[in-house]
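As they're listed, the protein sequences go chains W and U. Under this note's numbering, the first residue of the first sequence carries the number 1, and numbering increases by one thereafter. Under this note's numbering, the first residue of the second sequence carries the number 1001, and numbering increases by one thereafter.
There's no promise every hint is true.
[To be verified] The list that follows gives simulated cross-link-like pairs (lysine to aspartate or glutamate, DMTMM-like), each with its CA atoms no further than 25 Å apart:
#, chain 1, residue 1, chain 2, residue 2
1, W, Lys88, U, Asp1154
2, U, Lys1086, W, Glu126
3, W, Lys88, U, Glu1036
4, U, Lys1086, W, Glu210
5, W, Lys97, U, Glu1177
6, W, Lys280, W, Glu219
7, U, Lys1086, W, Glu219
Simulated from the structure, these hints should not be mistaken for lab results. These numbers come from a predicted model, not from an experiment.
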Amino acid sequence: MSALPDPSARVRWIATPEGISVPFQVASAGDRIAAFGIDFLLLVVFSVIVLVVALVAFPFGAGEFALSMALLFGFVVRNFYFTALELKWGGATIGKKIARTRVIARDGGPLPAGAVFARNLTRDIELFLPLTALFYPRLLVGNGPGWGALLAVVWLFVFALVPLLNRDRLRIGDLIAGTMVVRNPVALLLPDLADESTRAALPEYGFTREQLDLYGIKELQVLEDLLRRFDQGTVRLDTLELVCDKIKRKILWPAPRWNVDTMSFLRAFYGAQRGRLEQKLLFGTRQEEKKR
Amino acid sequence: MSVPAPTGESPLARTGPAPAAAGGEPRSAAFRRERERTWRELEALVDRVERQGLKSLSGPELHRLPSLYRATVSALAVARGTSLDKNLLDYLTALVGRSYIAIYASRRPLIHSLAEFVSWRFPSAVRRNALLVLLSFALLFTGVLSGWCVTMSDPERYTALVPAEMAEGRDPSASTEELRKVLYDDGGGWVTELNLFATFLFTHNSKIAIISFALGFAAALPTVCLIFYNGLSLGAMAALYQQHGLGLEFWAWVLPHGVTELGAIVLCGAGGLALGLALVFPGRHTRLENLAARGRDVSTIAIGAVGMLFIAALFEGFFRQIVHSVPIRLSVAAAMLTLWTAYFTLAGRRWDVRAP
């Protein structure tokens, strides 16, 4: 049972200051777009509200003043929303909290304020300018030649698409700041399949050492996965019966004792197998796969 | 460990693989049983921190958090070497990841960040890049000089150097009276001034400043061109006014806010150059590492420059409309220059560090 939110996402190992490396799942392009979309929407809604408030003040004669204040306020918020929230919440904005992602430093240390500044300063050229170029190219290039406008648009789009061109989904801002956006890890501890209390309830099957030496770590973890999924109800008993038969055949389980209760056999086998493999691990032998 | 933990047991008391338990159960099961309580405690604390921030923890809990974290990290290290329970490994990995984020993600009150920024971070970053700032200033100055010389020798070149939107009717065909009017425009009351202020924030100078920083990413060539181009248009306009006998008045009109605004543009230009150089000459690091190391420093400069542009816009919107006397305008300009120079050379000196 994997505790990772999405087993197929790219993983990057970050070295924490304690000297241990921890894997983080890189936030996918979809996550990033969703988070930014939410933040962008909030900004738009906020700008609209501010403008409406300003317009409402018009009949009262303070219209122009309110409008200027609105423009000013809008300017400040638009430019500093991301920076302020990422500083205050340690790498998260409202959109990122909803998408369950976070900004961290690629080198594994604390997230410095300078990094937050850096990654947000380039949003202009990565997003707002390309968007303007898409809809009003003349605004940017003035009255230059047509091919000039096209060149400018293409160049701006390269900046905007940089995250799609590298596997860690780094924006230009991330490249300059040494940061990365990752998914929040999800930790779920399920009961141990091999501890004393479980084993006490099982009959003694008496697996020999030779029998336990046949399988490796990979098979053990597949068995663990199956047993947990059975406990959750996503795997049926007949699948486990097939597995049980396969194991019995491989370890040359004696015919007189062939008929066993599937679940207790598998749990007992898991416990014994894990104990044997961990013992070998302590002596430095790591058997990844089955023999033969 | 000077303070006993609330439960009277230190999470660091036992390290290493657990002793073999009875009944032939795997050692890792006993290992887990011993430590599970610690991990659950850490998980509860991290849950609270994620939802409500570090402030939601009480004093003793805050004290306990780092030792729980370190104990879990060492448990993960041991488990990786001795346990084959995949769920346990995934759980500990994720728990360490979440705790790492909870502990190391920087959270500080915005006011502190702001005060720290203004009092030492910004001037310190400028001092570290002093050479590039001078280079950027030299570029601007060369631009101004070139624009001036070219326009003085041939007034018609003005239209090539200054785009129509920026000139706003101030071109060789304008009369002396029209040009003078611009310098002493009354403004029409403080509400209009506020409007002007708000609009000046969106004028092309702000964009130029930020873009020349951001374009440093493209190896600084666009930055060089932009700074020079800015200088050109300024020099050309100055020459135009000079030819109508309004040279001194022109500088008195530009410099009060211009000192700050041009300073900001110079700083952004320096930032762009630093980024470009970081890409082209990475030194001992890889290009990306170097970019990241320099980028944080340089973006501090860019943010500070945006602040300076804000101040310049205040001057542009209000001061210019209120004060019309040339000597006062010029002395204010001189005062601003002195202030900025003093700020950048003296503020926060004792916190200076050498560049990485």
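Now the hints, each set against the structure:
1. W:Lys88 - U:Asp1154: violated, 56 Å
2. U:Lys1086 - W:Glu126: violated, 41 Å
3. W:Lys88 - U:Glu1036: Answer violated: W:Lys88 to U:Glu1036 is near 33 Å, above 25 Å.
4. U:Lys1086 - W:Glu210: holds, 24 Å
5. W:Lys97 - U:Glu1177: Outside the cut-off at roughly 59 Å; violated.
6. W:Lys280 - W:Glu219: Holds, because 16 Å separates the two Cα atoms, which is no more than 25 Å.
7. U:Lys1086 - W:Glu219: Holds - the C-alpha atoms of W:Glu219 and U:Lys1086 are around 12 Å apart, at most 25 Å.
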